Amino acid sequence: MALVAGVAVSSLAVTALPATAATDPGVTSSEIVLGMQLPQSGPASPGYNKVDDAARAYFDYVNSKGGIYGRKVRLEVRDDQYKAGLTVSSASSLINKDKVFAFIGSIGTQTHISVISDINRRGIPDLFVNSGYSGFYTNPKTYPTTFAGLGTYVVESKIVGKYIKDTYPTKKVGILYQTDDFGRNALQGFTTAGLSFEAKKTAVNFIAGTQGSIGLASQLTALKANGVEIVIIAAVASATAIAVATAAQLGYKPDKWVVTSVGADATTFQTILGSKGVTPAVSAGMLAGIISASHAPSPGDTTDEYVAAFKKINDDFNKGPDKRWDNNVLQGMNIAYMATEALFGTGSNLTRKGIISYIENNGSKMSSAALSPLGYSRTSHEAFTAFWIGAYDGATVLKPITGTRVLYTTDSGTGPVTVSNYMRPALPADAIAKGA
Amino acid sequence: MEIFLSAIFSGTSRGAIYALAALGLVLVWRGAGVVNFAQMGQAMFTTYIASTLIGHHYSYWLAFIVALISGGILGAFVDLSVMRPLSRKRSSNFLDSPAMRSTIPVIASLGILGILQSGAGIFWAAEERGFPTPVNSLGLVIGGKTMPFTAFDLFVIGTVFITLVITTYFFKGTGMGLAMRASALNPEVARLSGIKIGSMRTLSWTISGVASSLAGLLVTPSANLSPSTLDLILIIGFTAAVVGGLDSLLGSVIGGFALGLLISFVNVYDTPEDIFLAILVVLLAVLLIRPQGLLGSKEVRRV
Amino acid sequence: MLEIKDLVTEYGSVKALNGVSLVAHVGKITTVIGANGAGKSTLLRTISALEQPRSGNISWNGKSIVGLSPEKIVRLGIAHVPEGHAVISQLSVEENISMGALFRMRSNKVDVKNAQQEMYQLFPRLEERKNQLAGSLSGGERQMLAISRALVSRPSLLLLDEPSLGLAPLIVEQIIQTINDLCRNTGLTVLLVEQNANTALSVADHGILLSLGSVVADLPAAQMKADVSLRAAYLGY
Amino acid sequence: MSRTRSYGRKNLIISILFAVLIFILSIKLDPYNLGQLAVALMLFIGVLSIVLLTGASGQISLGQGALMAVGGFAAALAILNLGLSIWVAIILAVIAALLAGLLLGIAAARLSGPYLAGTTLVIALAIPSLATRFESVFGGDVGLNINFGNPPAWLSSLMGSVGYEQWQLLATLPFAVLALLFTSNILNSRTGRSWRALRDNEIASSLNGIDISQTKIFVFVISSGFAGLAGVLYGLRGIVGPSVYPISLSLMLLTGAVLGGIRSILGALIGSILVVFLPDVIDSIMKHFSPSEQVANYLPAMISSLLLILTVVLNPGGIAHGLHRTRRHL
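Residue numbers (our numbering), protein chains in the order written: chain A, 1 to 436; chain B, 1 to 303; chain C, 1 to 237; chain D, 1 to 330.
What the hints contain is simulated information worked out from the structure, not anything from laboratory work. There's no promise every hint is true.
With a straight-line Cα cutoff of 27 Å, these simulated BS3-like cross-link-like pairs (lysine-lysine) come out [stated by the list, open to error]:
id : chain 1 : residue 1 : chain 2 : residue 2
1  : D       : Lys-28    : A       : Lys-99
2  : C       : Lys-5     : C       : Lys-113
3  : D       : Lys-10    : A       : Lys-97
4  : C       : Lys-130   : B       : Lys-172
5  : A       : Lys-171   : B       : Lys-145
Derived coverage of chain C by chain B (criterion: at least 3 residues anywhere in the stretch with Cβ under 8 Å from a Cβ of chain B; other residues may be distant) [unchecked claim]:
id : region
6  : 29-37
7  : 82-89
8  : 93-103
These figures come from a predicted structure and were not determined experimentally. Ideal Cβ positions, reconstructed from N, Cα and C, are used throughout, including at glycine.
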């Protein structure tokens, strides 16, 4: 219902777009300008504020290797403080002042939804959005220029939900979710996956993050009192860390913690607990055994060729205030990597229509650090459609749970969860993919 | 039963912190006639100072003391740099009505909050941090069940109690305390009695700065530290202070515990989403039914 | 000796005092009378520095006190009891009294205790009520308390603003008598502002009649009391 | 009487001049600044709500953002569920905000100073949280999508092609002009004078036969209507949701009102332009110094807070008051 008004406007306008030659904004013979919106200040910014620096580091690397068909990539970033009112203004600034060719990696469902119609109406590519909200991607007729940069919450919950049901058929499963759209989407996803929860007993929510984690202790007590043995945490990384630590204080030791990929970041986990006086060894111990799903290799897995290469680039090129290697940095790099690949693939005659059509037609063959296939096609703009299930080892690395990595895939609808045989393309020698 | 007890315990331990925040607000209100909306911003700032020291491997207690001292200094600075010039300006034609006189310092304190938050952003906000507790925080075991109530919670409640006793004694039992109350209640008579009301005001800002800094140090372990971490505590602390009676120290502490329990029960038996509404309802109910609060004196000030 | 020369005090553009000159001698009661709005209260407020004069001079024992803060002036031994039984009603009687001596607390604790006791001897009703809030007192008791609050600082000059306002004649009589005794016994200098000219002039040594911010008569009290035409012209009776 | 009428004519002329000026700007400016100017006009209406409330009647509100949210949500529900046009929805939104203002005003009339400030601050926090509480109606954190739509054909044919931002500005303009006209007329009327009397001395004005609480509620209602109007227009830029109307929006309105001059309509205009364009100006100046990311992100907020304090301490009348004084000196 909410999207109806947007649809009408956007579909109307897109057909009216002029046929574009190589004169799209943001592209000159020497430069490509890209724009990114994310919270760089304010309560929602910690962690996310590293994504832009990581992406820029990768582009700087590409530029140092001669750019894309001789064009250097310039990334313009706007801070929207995670407030939708500011997102509208900052999008306008990127479009009209910086004249960006495309948006990449914008962060946040509730912020991006305020500008997605306008960006699409103008035919501006809206690449690799950092939101798992499936409504943005599953129907390209609604948002023809928007492509995902994350797996959707629904896909992940379905896969993890099935894993839990299959592995622990007799255990009592509960969920602790943060009180916002992300938390509620996750709850919905796990319910769709066939897990059932009872509100206030096995499904409890709390106000997460910097506002003081209100009620965490009581909510965990409720789970404990109701004998929940498997606890799913659907919260951002910092709140996840606090939740696990609080449970330890309460003497609550469920058989398994299951953490959504959004909340599973070993670096944040250890940083938060470290600043609370928990030594790295102890926090690594708390992390050990926690189950999570990922579409990407674990940032701690330095044997992975992509991880190793990206980490090196991060060391050499990242000029951000906090460049410590973690999931956010990996994700930022990977988005820039994919954008570079798509820009190369589109050819030297770079147009907005061209890049959209390139991703729709060749996106599923694009490489990325992710171990998952990319779901881009003319009928879907979803990114990572597969996840593998892992558990943290004692050295904060997420390792495949059964020893060998098994990828599960599904869709954002009601389709079944199946095993995927996808093999990630090898990393090019210079760590720059040139496209098909 | 376990859930009920847990609601009581976590309500009590949170309540202690709200009590401390409320106490800080009451101190400045009594001492200087200003409700300081920047208070928890000051607390956030000094907690960052402590966190930075701890990050550099200084002991918790050193950081604790430094934070309290800087809280006092910050409080005094706020008064000397903004509030005192403002109170001197009271003859200006924008400040001549009582309505504006009480409104303008509120606006100024919001400006101070903005400066502290953006300043903390510039200095520290690249990463999210936690904050340690000085004593172990393992839950108390009652009848084989671990309760959400830890040695640290006891420490917090003890601290609140001690703060209450000290401030009450200070106000009721010392000449300085009497001078402070007199300057807040009736500046003119106080001045005619030879009391240096400017210094008394600054002193109450200082004491309140220390109290808020303490609240910041004690609340942050249960949350993460960021420039806007403590905004919510301010709002709850304000409500607690109003519930207790904005001019009553004991009232503010009772109000703090009452709010802690209320929020805990809403959280456990209703849903966390209703917390803000519950706060609003309580605040409006108190202001409309018993505006002087539980323990506030009726004639002190019209709300 | 209090000496005031050509004192001008303004509220905005209104001249409340327009060149007032007067002298109050040590150990004497000097009363300032005049109609409402004559500038009597402003005169006292300017002496105790609650208002800053535009021009002119105030000197106490030969030294100018213009420009000092009210806190400083109290320390010079000038105590002011402002109009309207000025006590702090949310504080107890005892607290109101001790408030007046706080600034001497550190230098002479013993004497402060003594001074407090003397106040209770002066006004025994206050001792009975010493733990009550000042707000619960009657008008007369409040006035006694306000005076005690000033006297406990052991001033040598007492500025008394309309002590009779709103009080029953019997109480007024009692208060005025107490002041008179103090003055005669301890050598206290008193500057008494009154609208109730008869009462004031009956105890005062000297009378000053103020009208519209200016001194219109400066006479020995008895003489002023006898001058019917003066009273008719400026006080309306 | 004739004085009031001459005021009325003067106000009308000023409003027309204002409309013409903005209209000229709407042709001259680039799309980004058109969008920013549109936001400034929306906030202008919001700041006027504070000029009426705080400036004229002495009541403070830190919760105008909540009333903006009421307006925005009412309009969004009307558009999405009832299929009404945005123009009808705007009217409904104002009515909804007036009603909300009545409820708040009844409570607020008994409060003043810091009590009112604190209460309205809690309101600013609590009202938007209703959106997530009743997610199925209000769309939760994500909110409800509404927008100005495409410019009408007659306008495009009249002006050539009308851009997206240009249309936002032109659609906002008539409401800003109406708000300006209404405010200037009411402030110069007997009603406005009774508000000021209330602000300056409650006791005296009640002796003069002004019903204090009725007057306070009335101001609150009118002010809420303005906030509601500002809220719909702000939401029509793309979305109505809790993250569109955060507490910081309420504080931004207050900052604009104080910086410009809390008792002045001209001040409201200056203030709203300032809060919208100042960050851009700071950004473009900072570019020359290549500051660190954190400085770049937090400096605008720091500067506007600093200006707020300096204004309150040094020049409580704001820029408009300063201009007025300067003009008098010349």
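Structure-based check of each hint:
{"no.": "1", "hint": "Lys-28(D) - Lys-99(A)", "verdict": "18 Å, holds"}
{"no.": "2", "hint": "Lys-5(C) - Lys-113(C)", "verdict": "38 Å, violated"}
{"no.": "3", "hint": "Lys-10(D) - Lys-97(A)", "verdict": "38 Å, violated"}
{"no.": "4", "hint": "Lys-130(C) - Lys-172(B)", "verdict": "15 Å, holds"}
{"no.": "5", "hint": "Lys-171(A) - Lys-145(B)", "verdict": "21 Å, holds"}
{"no.": "6", "hint": "29-37", "verdict": "violated (count 0)"}
{"no.": "7", "hint": "82-89", "verdict": "holds (count 5)"}
{"no.": "8", "hint": "93-103", "verdict": "holds (count 6)"}
The structure fails to meet hints 2, 3, 6 from the earlier list, while all remaining hints are met.
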